[in-house]
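Peer 1: Given next are the chains, with one letter for each unit.
Number of protein chains: 2
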Amino acid sequence: MAARGEYAKGRARREQILGEAVGLFAEAGYRAASLRDLAARCGLTHAGLLHHVGSKEALLLAVLEQRDVEDAALVGPDVPPPGEQQLAALLDVVRRNTSRRGVVELFCVLSAEATSPDHPAHAFFDQRYRRVVAALTGAFADAGHPAAASAARRLVAVMDGLQVQWLLHPDDVDMVEEVRSQVEQELAGVGVLRTTSGTESL
Amino acid sequence: MAARGEYAKGRARREQILGEAVGLFAEAGYRAASLRDLAARCGLTHAGLLHHVGSKEALLLAVLEQRDVEDAALVGPDVPPPGEQQLAALLDVVRRNTSRRGVVELFCVLSAEATSPDHPAHAFFDQRYRRVVAALTGAFADAGHPAAASAARRLVAVMDGLQVQWLLHPDDVDMVEEVRSQVEQELAGVGVLRTTSGTESL
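Chains A and B supply the protein sequences, listed in that same order. Under the working numbering, the first residue of the first sequence carries the number 252, and numbering increases by one thereafter. Under the working numbering, the first residue of the second sequence carries the number 252, and numbering increases by one thereafter.
Chain A on its own, in the form it takes in the complex (with noise of 0.2 Å):
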């Protein structure tokens, strides 16, 4: 019993550790961050720190790999065909991240800053964003878009690029709306909501 009491433990701090590294990362950017404003943030030191999370740029990785875990339908192969089931399925993460500020700054910064081919989560966006786009070129193949690959790219872009607007001027930018008018256009373009009513439900 005292064993599993200090597993709980320790997976609450961890969980707390994750949850104020998600706060300082989006602050600060993963360069600039910290471990040792981060070890004062959870009530640590910083060998203490760094015994639960191993290193700076572990820590980076279970952070972004928490998230992408939440959002299965955005990054995997959760939902199954039809496409605009899966396109609508979308919307249920762009709606979330509209109240989890911190995670959409987080990855903002982050996506950004790992384009440079050195930084520690380079191979993770490089991953990432390629089986973004292609899960979505299956769903919008699958919808019968002529042109699915392109229509992806534009699709991941408008909802990262939104995101931007979004945390400048919340009151301005309604994600969920501007995704699935990017989606309706998409989709009406090629006939699919005019001839099937899958796609009421976008």
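Hints listed in this document are in silico derivations from the structure and should not be mistaken for laboratory results. Fair warning: there could be bad hints in the mix.
Note that the list lumps identical chains together, so a pair holds whenever it fits in one copy or between two copies.
Stated by the list, open to error - Derived lysine to any residue pairs resembling SDA-like cross-links, with alpha carbons at most 20 Å apart:
1) K307 x D369
2) K260 x L301
3) K307 x A279
Bear in mind that the values here come from a model prediction, so they are computed numbers and not experimental data.
For chain A, the structure is supplied; the task is to place chain B on it using the hints.
Peer 2: The following block gives chain B in isolation, referenced to the frame of chain A:
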């Protein structure tokens, strides 16, 4: 003549500093960038660099404003209506971006960092996004788009989001063609492409 020579020398030095600053801010982000590193790149002492730029914050704003002067088509009222011509002028900005990776990196990282209200470029990006969205809303409205503000927001988002994808996968992403597709699809949706000849040049 001596004074004019000094002036030209100061101006050349300033251009050198701004050029190196673009690279450094793009690689490290504003917060992690160090003026000492920048001074070393420019062959100056730290004090010598401060003499030229005033402060790190003033340097950042000078870098940002220089790019917007170059890209007046994007953020200024330099291109007159009709709206289709204004939208086509954007493609030139995007095309120019494909030959200046450093500037694209800089804007990607800084626009994300600067969503924090305490970032020194926050006011710059706040106003820049309002101006760009307003200008493109005007262009789409002039072209007869019934939801011009939404089309403008999504076009700005596509341009921003494509930059991240292009920085990660430059060989896979054709930013000019994707932005062209986005504009064409918006205008096709309202019948503009079928009823005027002005957009042939898109």
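Peer 1: Are the hints correct? Go through all of them and say.
Peer 2: Now for the hints, and whether the structure bears them out:
In this assembly of identical chains, the alpha carbons of K307 and D369 lie at most 20 Å apart only when taken from the same copy (15 Å versus 24 Å across copies). In this assembly of identical chains, K260 and L301 lie within 20 Å of each other by CA distance solely inside one copy; the values are 16 Å within and 50 Å between copies. Taking CA atoms no more than 20 Å apart as the test, K307 paired with A279 passes in both settings, with 14 Å inside one copy and 16 Å between copies.
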